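Peer 1: Take the sequences, apply the hints, and build the full model.
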Amino acid sequence: MRGKWPVLVLFLPPALLLFTVFVILPMGEAAWYSFYNWNGYGLPSQWIGTKNYELIFRNGAFRTALINNGLIIVISICVQIPLALWLATMVSRNIKGALAFRLLFFLPYVLADVAAGMIWRFVYDGEFGLVAGIWNFFGAAPPFWLADKQVAFYAVLGVIVWKYFGFHMMLFIAGLQAIDKSVLEAADIDGATGWQKFYRVTLPLLGSTVRLSVFFAVVGSLQLFDMIMPLTGGGPSNATQTLVTFLYSFGVMRMQVGFGSAVGVVLFIICVTLAFGYKRIFMRND
Amino acid sequence: MTEAAPIDAATTASSGRRLSAGTQTYLYVSMLIIAGIVIIPLLTTALGGFKTLGELRGNPFGLPAEWQWSNYGNILTSQRYWMQMGNSLLIAGLTVFLTLLFASMAAFTFAHVKFFGSDFLLNYFLIGLMFPAATAILPLFIRIRDLGLLDTYWGVVLPQVAFGLGMSILLFRNYFKNLPPELFDAAFVDGAGYLRFFWHISLPLSRPIIATVGIISFVGSWNSYILPLIMLNSESKYPWPLGIMVYRGEFSTDWQLILAFITLTILPTVIVFFAAQKHIIAGLTAGAVK
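Residue numbers (my numbering), protein chains in the order written: chain C, 87 to 372; chain Z, 2 to 291.
What the hints contain is simulated information worked out from the structure, not anything from laboratory work. Hints should not be assumed to be uniformly reliable.
In silico DMTMM-like pairs for lysine to aspartate or glutamate, Cα to Cα no more than 20 Å straight-line [unchecked claim]:
{"id": "1", "chain 1": "C", "residue 1": "K267", "chain 2": "C", "residue 2": "D234"}
{"id": "2", "chain 1": "C", "residue 1": "K283", "chain 2": "C", "residue 2": "E271"}
{"id": "3", "chain 1": "C", "residue 1": "K90", "chain 2": "Z", "residue 2": "D147"}
{"id": "4", "chain 1": "Z", "residue 1": "K115", "chain 2": "Z", "residue 2": "E183"}
{"id": "5", "chain 1": "Z", "residue 1": "K115", "chain 2": "Z", "residue 2": "E56"}
{"id": "6", "chain 1": "C", "residue 1": "K90", "chain 2": "Z", "residue 2": "D186"}
{"id": "7", "chain 1": "Z", "residue 1": "K178", "chain 2": "Z", "residue 2": "D120"}
{"id": "8", "chain 1": "C", "residue 1": "K90", "chain 2": "Z", "residue 2": "D120"}
{"id": "9", "chain 1": "C", "residue 1": "K235", "chain 2": "C", "residue 2": "E213"}
{"id": "10", "chain 1": "Z", "residue 1": "K238", "chain 2": "Z", "residue 2": "D255"}
{"id": "11", "chain 1": "C", "residue 1": "K90", "chain 2": "Z", "residue 2": "E236"}
{"id": "12", "chain 1": "Z", "residue 1": "K238", "chain 2": "Z", "residue 2": "D152"}
Just so it is clear, the structure is predicted and the values come from calculations on it, not from any experiment.
Peer 2: As C-alpha cells, then:
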C-alpha cells in the first residue's frame, strides 16, 4: 500500500500530543514539584528536598488513608468477590427471571459514584434516613454512623460492596459461560454433589476470572474518591480518607502543590508497583 | 415454581438438569434478598422526593401520605436542572467524539502501518492504564490554568480524552488486527491508500468496537466528578454530579428536595440502562475482559 507517511503524520499526532500534554507531562511535573514548597503561582523556587515526603509519612491522616485503601481491598476479596461469585452461579442457571436479577444487580455499577454516595448518605442519616426508620421502628435511638469515627469507614465499605458487586458478578458470569459444560456433565455422571462440582470443577476453572476480579478491586480501591465526597468528605476527623481524598483535602484544597504532588507520586508508585507486581505474580499465565 | 423454563439457553452456564423445589426456593429467596438491598435505597430515594420533610422523618420507607408533586415539579421547571443535564451531555458528547476519533486513528496506525518505534509508542500509551487521573491532578490543574482553559468545557474534555486514550487505543487496535487480512490485500490491489482504507473499510466494519469505546467513555464522562470539580468554577458550567453536591450544600437538611434532585439526575442513566442494557453491560465489561 502506498504512502505510509501521510497516514502517520495525520493519524498519530493528535493522540500523541493530548496524551503527552495531559497525562505524561503532568506526571513528570508532579515528580518535579514534589521537591518544592509551592502554592502554584509563579515558578516553583523554594526547594525543600524530600521534606514533603517526610511530611506525608508522618501524617496520621495519610496512614489512615493507606489502611483504608488496604481495607477496601480486603473487603473486596473477602466479601465482595465471594458474594459476586455466589450470585453469578445463581443467575447463570436456567431459572425464570434470572436475566432480570442480573440486570438489577448490575444497576448500581452504572450509577455515578456521587449519586450512589448521596443516596447512601440518606440511607445512613440518623434523622431522616432508612437506618433511622428501622431503629425508630424498634424504639431505639438511631445511630449516626457516618459521624462516628469508629464505624464511619465500615459504613462506607458497605456502600462500596453495594456499588461494585454487580460488576464483579458480570465478570464471573462471563467466566462461567466460558466453562465447557461437558466437564460439569461428566461430574454429574460421576455423582458429584452441587458443592463438590462447584469447589472441585467450577472454582478452579474460574481461577483467571478471580485473579482479574481482585485486580480490578485493587485498582478501583486506589482511585476511590467520588463516592467518599458526598458520604463523608473524608471525615469525621479523617477517619474515612482514601489516598485520593487525602490528596484532595491536603493538596488541592490548600493549594499545597508541592505536598499534593508528592502524594500523587506516592500514589503513582503504589499503583505501578501493585499493578506490575500483581500481574507478574498472579496473572503470568492469564 | 415447578417449571424451570430456559430463559436464554445460550447464556446460561449450568448443566441442563431440572432443579428441585427446595433448591429453587433457596435460589429465589437469596436473590430476592439481594435484590431488595439493591433496590430499596433507590426506591425510597425516589419516593422520598414525593414526601414532606416531616413525613420523611417518621416514614422513610412507605408510600407518601400525600404526593408532593411540587418537589419534582419545581426542579423540572428550574433552569439549573436542564442546564446541568445539558452541560453533562455536551462534555460527554465532546469527550466521546474526540476519543473515538483520536483513538481509532492512532490504533489504525498501530494495527496496519509498520513503522520504526510502533511497539514503543503503543506501550507509551498503555502507561496511561496504570494510574488514575487523580495522581497528577495538581500539575494538570496548573497546565489547564496556564493554557487558559480553566473554567471551560475543554479544560474537562481534553484531560478526559487523554486519560481514556490508553484503553481506547488498545480496544481499537485489537479489533482492527482481527479484521480479515484479505480486506487489506484487496484494498492494496485496488490501489486504495491508507486513508481510504481506514475511512471506507476499517471504520464501517468496526461498529461493535465503536459502540464499546463510545459507551465506556460516555459513561465515564457522564458520571465524572473529580475533573470538573477541579477545573470548573462557574455553576453555569457544572455537570450534574457537581450539581448534586451544590444542591445538597444549599438545601442541607431538606432531604425531600435533595432526594427528588438525585432521582431526576439519575433517571436518564436508569432509563438508558434498561433500554440498552445488552450494549451497556457488554461495553462496560469489554474493557475488563478484553
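Peer 1: Each hint needs a verdict: does it hold in this structure or not?
Peer 2: Going down the list of hints, with the structure as the test:
For a cut-off of 20 Å, the pair hint linking K267(C) to D234(C) is broken: about 50 Å separates their Cα positions. Taken as a hint, the K283(C) and E271(C) pair is honoured in the structure, with Cα atoms around 10 Å apart against an allowance of 20 Å. Only pairs whose Cα atoms come within 20 Å are accepted, and K90(C) paired with D147(Z) is rejected, the gap being roughly 36 Å. Note on K115(Z) and E183(Z): the hinted pairing holds, with a Cα-Cα distance of about 17 Å set against a maximum of 20 Å.
Proximity of K115(Z) to E56(Z) is assessed by CA-CA distance (about 68 Å); at most 20 Å being required, the pair is judged violated. Restraint check for K90(C) and D186(Z): satisfied, since their Cα atoms lie roughly 15 Å apart, inside the 20 Å limit. Taken as a hint, the K178(Z) and D120(Z) pair is honoured in the structure, with Cα atoms around 14 Å apart against an allowance of 20 Å. Distance check on the hinted pair: K90(C) and D120(Z) sit about 16 Å apart at the alpha-carbon level, within 20 Å; holds.
Taking the CA atoms of K235(C) and E213(C), the gap is near 18 Å; set against the 20 Å cutoff, the hint holds. Annotation: proposed proximity of K238(Z) to D255(Z) is violated, straight-line Cα distance about 24 Å (limit 20 Å). For the given pair, K90(C) sits about 47 Å from E236(Z) by alpha-carbon distance, which is inconsistent with the 20 Å threshold. Our distance criterion of 20 Å between C-alpha atoms is met by K238(Z) and D152(Z), whose separation comes to about 8 Å.
The structure is inconsistent with the numbered hints 1, 3, 5, 10 and 11, although it conforms to all the rest.
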